[in-house]
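Peer 1: Here are the chains, one letter per residue:
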Amino acid sequence: MSEAPRVALFVTCLVDLFRPSVGFAAVKLMQDAGCTVEVPEAQTCCGQPAYNSGDRKDTIAIAKQVIAAFEGYDHVVAPSGSCAGMIMKHYPELLADDPDWETRATDLAGRTHELISFLTDVLKVENVAAAFDGTVTYHDSCSGLRELGIHDQPRQLLDGVDGLHLRELEDANVCCGFGGTFCVKYPDISNRMVSNKTEQIVATGAETLLAGDMGCLMNMAGKLQREGANVRVRHVAEVLAGMTDTPAIGEPSDGSAN
Amino acid sequence: MSGSTTRNFKANAARELANDTLRAALTKSKGHFTDGRTTAAENLPEFEALRDQSRDIKNHTIENLDFYLEAYEEKVRESGGHVHWARTAEDARQIVLGICRSVDAKAVNKGKSMISEECEINEMLEANGIRAVETDLGEYIIQLRGEKPSHIIAPAVHLTKGQVEESFRANHTHLDPDRVLEEPPTLLDEARTILRKKYFEAEVGMTGANLLIAETGSSIIVTNEGNGDLSQLIPKVHIVLASVEKIVPTLEDASTILRVLARSATGQEFSSYTTLSTGPKREGDPDGPEQYHVILLDNGRTDMIGTEFQEMLRCIRCGACMNHCPVYQSVGGHAYGWVYPGPMGSVLSPGLLGVDEAGHLPNASTFCGRCEEVCPVRIPLPKMMRNWREQEFEKHLSPGTARVGLGLWAFMAKRPKLYQLATGLQMRLLARIGHAKGRLSSLPLAKGWTKYRELPAPEGRTFQSRWKSGERPL
Chain A
1 MSEAPRVALF
11 VTCLVDLFRP
21 SVGFAAVKLM
31 QDAGCTVEVP
41 EAQTCCGQPA
51 YNSGDRKDTI
61 AIAKQVIAAF
71 EGYDHVVAPS
81 GSCAGMIMKH
91 YPELLADDPD
101 WETRATDLAG
111 RTHELISFLT
121 DVLKVENVAA
131 AFDGTVTYHD
141 SCSGLRELGI
151 HDQPRQLLDG
161 VDGLHLRELE
171 DANVCCGFGG
181 TFCVKYPDIS
191 NRMVSNKTEQ
201 IVATGAETLL
211 AGDMGCLMNM
221 AGKLQREGAN
231 VRVRHVAEVL
241 AGMTDTPAIG
251 EPSDGSAN
Chain B
1 MSGSTTRNFK
11 ANAARELAND
21 TLRAALTKSK
31 GHFTDGRTTA
41 AENLPEFEAL
51 RDQSRDIKNH
61 TIENLDFYLE
71 AYEEKVRESG
81 GHVHWARTAE
91 DARQIVLGIC
101 RSVDAKAVNK
111 GKSMISEECE
121 INEMLEANGI
131 RAVETDLGEY
141 IIQLRGEKPS
151 HIIAPAVHLT
161 KGQVEESFRA
171 NHTHLDPDRV
181 LEEPPTLLDE
191 ARTILRKKYF
201 EAEVGMTGAN
211 LLIAETGSSI
221 IVTNEGNGDL
231 SQLIPKVHIV
241 LASVEKIVPT
251 LEDASTILRV
261 LARSATGQEF
271 SSYTTLSTGP
281 KREGDPDGPE
291 QYHVILLDNG
301 RTDMIGTEFQ
311 EMLRCIRCGA
321 CMNHCPVYQS
331 VGGHAYGWVY
341 PGPMGSVLSP
351 GLLGVDEAGH
361 LPNASTFCGR
371 CEEVCPVRIP
381 LPKMMRNWRE
391 QEFEKHLSPG
401 TARVGLGLWA
411 FMAKRPKLYQ
421 LATGLQMRLL
431 ARIGHAKGRL
441 SSLPLAKGWT
451 KYRELPAPEG
461 RTFQSRWKSG
471 ERPL
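Line by line, the protein sequences give chains A and B. All residue numbers in the first sequence are consecutive under our numbering, ending with 258. All residue numbers in the second sequence are consecutive under our numbering, ending with 474.
Just so you know, these hints were derived from the structure itself, not from any lab. Treat the hints with care, since some could be wrong.
[Claimed, not checked] Computed footprint of chain B on chain A, listed as stretches where at least three residues anywhere in the stretch have a Cβ under 8 angstroms from a Cβ of chain B:
no. : region
1   : 24–30
2   : 55–62
3   : 143–152
4   : 216–222
5   : 246–253
The beta carbon of each residue, even a glycine, is placed where N, CA and C say it ideally should be.
Start from the sequences, fold in the hints, and give me the full structure.
Peer 2: So, in structure tokens, the structure goes:
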């Protein structure tokens with residue numbers, strides 16, 4: 001490519017509100033790979049809370065807002081398989097009855113990517129210049145894995161991080177029990193699911209858990225901390241960007257545990 | 001209706017989650033089913049193509065359901081059998097009772113059938129003084145215990161072998177109390193010895209059907225114990241109770257579906273027994289029933305045709321969706337409160353019982369997508385669960401507090417400037433409260449979250465406000 005690709009970051013609501021570091025890590029990874037990154041202002045959320053609650057009307061309104069805000073960029077990238085999946089797989093379906101909007105939704109869907117797969121599959125990044133000293137394990141978030149086929153990409157890039165050792169998690173492809181509003185609508189069931197997950201995370205002996213979606217990460221981090229487990233939790237982008245100076249998710253600024 | 005407790009799903013789930021024996025039983029069976037399916041699928045290069053073909057066969061049949069059902073009826077009649085149409089479960093019960101009375105039946109031997117569960121045939125038979133004898137081992141066990149199936153192909157999967165031993169000792173009191181009965185084969189032998197005698201006592205044998213074939217008028221059952229064969233061959237009357245969507249056009253189509261059925265269900269290449277029945281015993285046949293009846297049940301299924309739930313009628317009842325469902329694996333089948341548990345039940349039950357009764361089921365999913373990933377006929381189960389949520393939302397059946405919260409959130413999400421202002425303030429406040437620990441252990445409006453886990457505190461200012469102030473990664 002002669003000119004740097006112009007990429008819009010769809011930062012996602014959870015990264016925007018809870019973990020801006022992931023947004024900056026995403027920007028750094030894409031800039032390092034030669035992209036010009038912009039952050040369109042009119043973004044809030046991809047609309048999944050409404051969509052998964054059966055509120056189609058509000059979902060469509062939010063989808064149109066996102067489509068309009070992200071027109072004209074070469075690529076739109078989200079540090080989340082769930083939100084990227086919403087835009088790529090569900091927007092065109094939601095707007096199928098409205099030919100003009102469907103065209104615009106399909107166009108956006110074709111330009112949208114989840115961050116890690118964007119790096120490997122589109123930008124053909126094979127190696128990132130990062131170091132991380134320690135053993136990590138990786139959870140495959142459901143939407144990224146099953147809607148977008150993201151499995152090998154994060155492992156490929158983690159493999160190139162200096163000092164990092166990946167120990168695979170048993171049942172890494174099984175849901176952690178987050179499920180958006182599911183975790184507060186059915187807290188007892190969600191708790192069993194995340195307890196199963198944390199048991200397997202602890203069993204790996206890894207010091208750090210990584211994944212590509214903030215919802216799942218907050219769920220697993222919150223449970224690990226409630227259980228007093230000595231496992232740090234980070235978004236995979238933070239490690240790949242070499243931005244691990246900020247405390248891990250849910251950890252205090254001085255870095256001490258508990 | 002129909003003894004359903006799906007309305008109480010949350011309470012049911014809480015009860016089951018507290019049951020450690022259930023947890024042990026489910027943990028034991030889970031890997032067996034999921035690993036079995038994975039291996040079976042990997043070992044058959046054309047497995048994915050067969051899934052496509054199976055999907056297409058079922059789609060074609062459902063689109064031409066009336067045609068194939070009439071063709072099937074014609075063939076059953078030609079082979080000397082009878083076809084009865086049951087619009088409702090009550091119709092089916094009356095037809096079964098009528099047939100039983102016509103031969104003065106005292107006992108009915110039954111092969112495993114979920115349609116029989118749906119129609120509550122056993123309860124009806126007992127109420128009319130007719131003994132129902134379940135001959136499938138799992139069904140036999142739960143019948144002894146007065147329970148309902150918790151899985152559509154493994155009805156007693158919620159039990160441990162210790163519980164089975166306990167039930168056998170409590171019920172088989174004529175046997176030596178000191179007998180050794182700890183291992184599954186000894187349990188199986190004991191059940192087999194007891195059931196063997198009963199096969200010869202019943203006037204009527206009743207089975208379900210995995211498939212009905214329009215081309216030949218045959219019904220097919222697949223079993224691993226051979227109990228279905230004995231149930232249907234020995235008594236003088238064989239009743240097949242099946243729902244209308246079990247029909248496929250040809251034997252060839254049936255064999256395509258059978259190739260994905262057992263692989264998806266148990267990981268077997270084929271079930272131990274695949275039995276085809278076509279009409280009653282013919283002249284010269286060494287054995288077989290004198291009468292062959294098929295009861296075709298609708299019970300709300302045809303109402304799903306032409307709606308967004310039509311694809312659910314493709315289901316071949318393999319159980320792969322529940323074997324792979326983390327929610328089912330957490331709460332077990334009984335929590336669902338009606339005949340069909342797991343993801344397939346979460347789509348089918350609201351269709352048959354109404355979304356006001358079964359609305360919890362399609363909500364109790366994280367949309368993790370594993371069910372759709374393994375469904376042999378590629379039913380988009382998460383999409384259809386979402387469709388039920390949409391119907392619920394439109395009918396104002398979803399809880400008021402959730403609606404208000406969602407409404408408020410959506411109002412903000414549609415106004416980026418206001419949203420950024422409000423969330424910016426909220427996050428700074430939350431960050432301040434959680435600063436010392438980096439997380440919050442309780443938060444008034446987030447009890448559903450903080451009851452079981454910590455809430456990671458936000459870092460402080462939002463990404464968007466930091467970006468707008470010109471902050472960039474180093």
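Peer 1: Determine for every hint whether it applies to the structure shown.
Peer 2: Hint-by-hint comparison with the structure:
no.	hint	result
1	24–30	holds (count 4)
2	55–62	holds (count 5)
3	143–152	holds (count 3)
4	216–222	holds (count 4)
5	246–253	holds (count 7)
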